[in-house]
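There are 2 protein chains.
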Amino acid sequence: MATERNAPERRARRKAEANAAVPQPPWSLVRNPLPPLELLDEEGMTRIENTAFRVLEELGLEFMSEEACRILEANGAKVDHATGLVKMDRALVKTMIAKAPQEFKMYARNPERNLVVGGNYINFGPVGGTPNASDLERGRRPGSFRDQVELIKLHQSLNTLHTSGGTIVAAQDLPVPTRHLDQHRAQILYSDRVWGGSAIGRDRIKDALELARIARGVSLEDIQREPSISTIINTNSPRRVDKELLSGLMEMAENGQVVCVTPFTLAGAMSPITIAGALALQSAEALGVLAFVQMVRPGCPMIFGGFTSNVDMKTGAPAFGTPEYVRATIIGGQIARRYKLPYRASNVNSSNAVDAQATYESAMSLWACIMSHGNWIHHATGWLEGGLVASYEKVVIDAEMIETMKGWMTPLDVSDEALAFDAIAEVPPGGHYFGSSHTMSRFEHAFHRPMVSDIRPFQTWVEGGSPDTTQRAHLMWKRLLENYQQPPIDPARAEEMEAYIARRRSEIGERGLA
Amino acid sequence: MATERNAPERRARRKAEANAAVPQPPWSLVRNPLPPLELLDEEGMTRIENTAFRVLEELGLEFMSEEACRILEANGAKVDHATGLVKMDRALVKTMIAKAPQEFKMYARNPERNLVVGGNYINFGPVGGTPNASDLERGRRPGSFRDQVELIKLHQSLNTLHTSGGTIVAAQDLPVPTRHLDQHRAQILYSDRVWGGSAIGRDRIKDALELARIARGVSLEDIQREPSISTIINTNSPRRVDKELLSGLMEMAENGQVVCVTPFTLAGAMSPITIAGALALQSAEALGVLAFVQMVRPGCPMIFGGFTSNVDMKTGAPAFGTPEYVRATIIGGQIARRYKLPYRASNVNSSNAVDAQATYESAMSLWACIMSHGNWIHHATGWLEGGLVASYEKVVIDAEMIETMKGWMTPLDVSDEALAFDAIAEVPPGGHYFGSSHTMSRFEHAFHRPMVSDIRPFQTWVEGGSPDTTQRAHLMWKRLLENYQQPPIDPARAEEMEAYIARRRSEIGERGLA
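Taken in order, these protein sequences are the chains called A and B. Once you know that position 13 of the first sequence is 13 in our numbering, the rest is easy, because the numbers rise by one and skip nothing. Positions in the second sequence are counted from 1; adding 514 to them yields our numbering.
Derived by calculation from the structure, the hints in this document are not laboratory data. Wrong hints could be hidden among the right ones.
Below, computed lysine-lysine pairings styled on DSSO-like, alpha-carbon distance capped at 27 Å [said to hold, decoys possible]: (1) Lys920(B) with Lys314(A); (2) Lys406(A) with Lys828(B); (3) Lys340(A) with Lys78(A); (4) Lys608(B) with Lys854(B); (5) Lys828(B) with Lys478(A); (6) Lys105(A) with Lys78(A); (7) Lys78(A) with Lys94(A); (8) Lys601(B) with Lys828(B); (9) Lys406(A) with Lys920(B); (10) Lys992(B) with Lys314(A); (11) Lys920(B) with Lys667(B); (12) Lys99(A) with Lys340(A).
Remember, predicted model here, so these are calculated numbers, not experimental data.
Given only the sequences and the hints, what does the whole structure look like? Please build it.
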């Protein structure tokens, strides 16, 4: 009877539970309490460093920008203006890099989402720059603005992420010259976290900076002191830096924003086939360009980026999560620490599907990120297919892996209550702890609660339709998006943002981008 | 024309290549060059240790064997003969455990497969004791002798494994009393590596020992000095040791064979719900039973086993590869090192399918095994579904993961040739290294060659039928089995083995097992 009468109520309650926000650990800054792993000894480190400096001193880097070359020359570099080749001696590089902060803050439009970069802080950010998106239902497709918005919202719904990323996926359905305006509007409206812009020319960075300033409701001077946006500068390895990227870099640095220089040194393709050689070239390019950042603005916050991996020598396709990637990532961290710079690493894989390979490669990458004391974990969630795809299901699965990592790194409670001598005394030999008072008072929060891991007994799982992890992740991102909550924004700031974007849209339509 | 004429030859060559043994790194002893990870500080370690000793001193362990109790009493333990509860003070435990070797050798029938256990050696062994087997084609099924033989052969075909394991999967189609004879015959004939027996009563161990002795062609005295077999003793946590296992343990220890004591301390079920409490109980049980091993035979080689994880508090199902498992495994290693004992850990997961969860949980477990300096990695390949299933596909995928781990741990070559300054000088800015002489002379062996990882471009992969990792692993284990080579055995030893087995089969038929 009671059953009958309460049925609608129970149904409603069940529905509410199904729609409830997914239980997650709260958003927090994350610190790595472990000592960093040192894979290479001092002699090996010196040999790599020395080779890197020989590259800078004897061979040089090509800076494809007259403006950059003038700055380099004024600061003591030797510039061949005919070729754009710039040689820097090691003393100059070291002096410049020593001007950078070891640790700095980043300022989000929601001050509760401000970050610390450097030291033993780990910041996780979404996959970036993929041309395609994919999910189980809609398949693999060229990225669209809808994908971009959904992925910003999905990441905002996950407490795991510290930033809302940059161009998670390219909005290929929007016109190129104004695409960044739509992207930044979405980043600001749908997320309250720190975000990144694309340093392709000065104008895009000017727009990003102005929008970040408006969103925070601060002055230009404020934001120059309190960096709010970041960008990734990939060198055109080997030994070349693109003109447009240098323009964007200079705009970022002049305004004190965060520049992460990441050489694209895939061993056997854009760098020597040996990991030692690839790391030497990576170091040369990163240190050379980072020294240039300090010439533009001494003290500018910056990040040493590592992205060295191997390629498949048959196809030239990049491989990730391999032994070579793990080594390069861990030793890359050692190099960054040598120069007291925050370190960027990535959670990457080369699988074509969200399957066993995707996660074993990702897990290898993620452990390398953590053991190398990565401070800025780019592509932490959603990367698939060597970076050609942002996968919705992979976003959720990566968040699960990251929460597992955060969980085991949390210092263990060894209080008397946790040591549980009394509970041990209470249960007889061969008994069990299911009903003990120690268990009962703690069981709800004792263990990490997974989002997609399924440990039901086999038969129960079969009766539930044998959903594999990727299918469960599919349901989970849908549930997260259904429960997405847009973070509040000051209406005056939103209005100012819309007005700026409208004005810029019309300017760019008339004059194009610089 | 040439094409036409050579077609049959090319077809034959292609077939030969397809059937060629799978390229793998050679079998070798593996050493861990890294410092072990210390997750808990000295104060925390002391608190866990102190709680463990209080359990042994104040509460005691139940040894369900009068014979064991007499030995314990004779060595200074306090025995309550009515309850079987045995209390040991910490000085006694420490004195006994100090008699064990820190490092020892194990002797295979092929001396080239002898092992070193302890120090920084890592030995990988297959999954053990699963009731079921599964593969993509035949599905999940109760384990059979055919499965057992195939899995012994599959592991023998993989250079990754150091041992051929114990009861990989139960041969449920064979009569229980003589099943171990068939298993050991298969272990000896189809593999030339160290193997393990089940310590259920004295007779099974006597048979295992005699068969190992015959296979090696040595005397009983030889094999007592040169241990050849291992066994896992799981306590019936909390605080109980089974009579049959104690009989098997005593038979093993009296003969100087390798005893690995592994408490079955799943937090929230067989041990306190807190990881600190579960580790305290694990330590108490392991140290208490290991002290007993030294009372039976001082100097007996033995291994401190860790298997602490959490359970799902809703279903009671064990969870693996979780933050709790990683913590317990790493701190378990710290405890083992405190007593200078070799450490056993496991590559485990709780997934019902060989999918993304299976490998992210396994990868978490495997990293914990390595970072904790596990010396004896049990269940290293093939474990699925919380240990209820030995999966053929998982065997191959786990071997891939282990080879990745071995790869990145290999010390990096930082010779001048590897640092590649000349190669860097040879390639102009923006060029590539594909055709450089440095690349050409090294590309075949520069990188780890995966068995199942597939990094073809997406479109090529789709044209190839979009095989996921598990499907590729399916093809790979078939290929490995097709190319399986039975290791040679001295015919006289094989004959002696067959005669022994025939005699024992008839004796057990008449008198049963003791």
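Does the alpha-carbon distance linking Lys340(A) and Lys78(A) stay inside the 27 Å limit?
Holds: Lys340(A) and Lys78(A) sit about 26 Å apart, inside 27 Å.
Take the C-alpha atoms of Lys992(B) and Lys314(A), compute the straight-line distance between them, and say whether it is at most 27 Å.
holds, 24 Å
27 Å limit on alpha-carbon distance, applied to hinted pair Lys601(B) and Lys828(B)
Distance of about 35 Å is beyond 27 Å: violated.
Are Lys920(B) and Lys314(A) close enough, with their CA atoms no more than 27 Å apart?
With a Cα-Cα distance of about 23 Å, the restraint between Lys920(B) and Lys314(A) holds, given a limit of 27 Å.
Is Lys608(B) close enough to Lys854(B), meaning Cα to Cα at most 27 Å?
Answer holds: Lys608(B) to Lys854(B) is near 11 Å, not above 27 Å.
With the threshold set at 27 Å, check whether the alpha-carbon distance from Lys406(A) to Lys828(B) stays at or below it.
holds, 23 Å
Pair hint Lys406(A) and Lys920(B), alpha-carbon separation not exceeding 27 Å
Holds, because 25 Å separates the two Cα atoms, which is no more than 27 Å.
Would the pair Lys99(A) and Lys340(A) pass a check requiring their Cα atoms to be no farther apart than 27 Å?
holds, 10 Å
Is Lys78(A) close enough to Lys94(A), meaning Cα to Cα at most 27 Å?
Holds: Lys78(A) and Lys94(A) sit about 16 Å apart, inside 27 Å.
Take a quick look at whether Lys920(B) and Lys667(B) sit within 27 Å of each other, Cα to Cα.
holds, 22 Å
Can the restraint linking Lys828(B) and Lys478(A) be considered satisfied, given a maximum Cα separation of 27 Å?
Distance ~24 Å between Lys828(B) and Lys478(A) Cα, so the pair holds.
Given hint Lys78(A) paired with Lys105(A) - CA-CA distance at most 27 Å
violated, 34 Å
The structure fails hints 6, 8 (numbered hints given earlier, in ascending order).
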